[in-house]
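Please put together the full structure from these sequences, using the hints given.
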Amino acid sequence: YPGPNCLVSKMSYTEKYLSYFVSPLAISAALILPSLYVMTYGLLFHGKIHAHPKFEDTVTLFLQSLLFFSLAIYPTISSIALSVFNCDNQLGLLKADYTQACLGDGSSGELTWIVVLSVIIYPIGTPLLMLG
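FYI, in my numbering the residues of the sequence shown are 8 to 139.
These aren't lab readings, by the way, just hints derived from the structure by calculation. Note that the structure is a prediction, hence the values are computed from the model and not measured. A virtual CB, placed ideally from N, CA and C, is assigned to each residue, including glycine. Each hint can be trusted.
Label-pair restraints from in silico Cβ distances: (1) T106 x P41: 41 to 49 angstroms; (2) E22 x P60: 39 to 47 angstroms; (3) L100 x Y44: 45 to 53 angstroms; (4) H57 x S16: 46 to 54 angstroms.
Cut-off 16 angstroms, straight-line C-alpha distance, at most; resulting in silico cross-link-like pairs (EDC-like, lysine to aspartate or glutamate): (5) K23 x D104; (6) K17 x D104; (7) K23 x E117.
Right under this line is the structure:
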């Protein structure tokens, strides 16, 4: 039985990093689907988004699920997001992947934008979500 590492062994560092960044966002988007259904149903059949009788319960459950999911993935995703700043200064390569140049050492702009977004959303955004 192969593990998940077998699936990503042929992916570049940027592709792996992007998959770690996008996967939680996709799961969060899936969590909101029941709330969107209830809102659409309320709007179409009752004239108001919040008119469905299960609106409050569904939105509350979504927010609780999102909070739990965010707390569950926070340590792992944050460490992955911040791993791009852990550089082997002697070689100028990332310690997470010795085939990838450190940021600022001629690395691709694509990875830089992914890093900026992932650091804003996960290590910074998750605690801000908890405060709200």
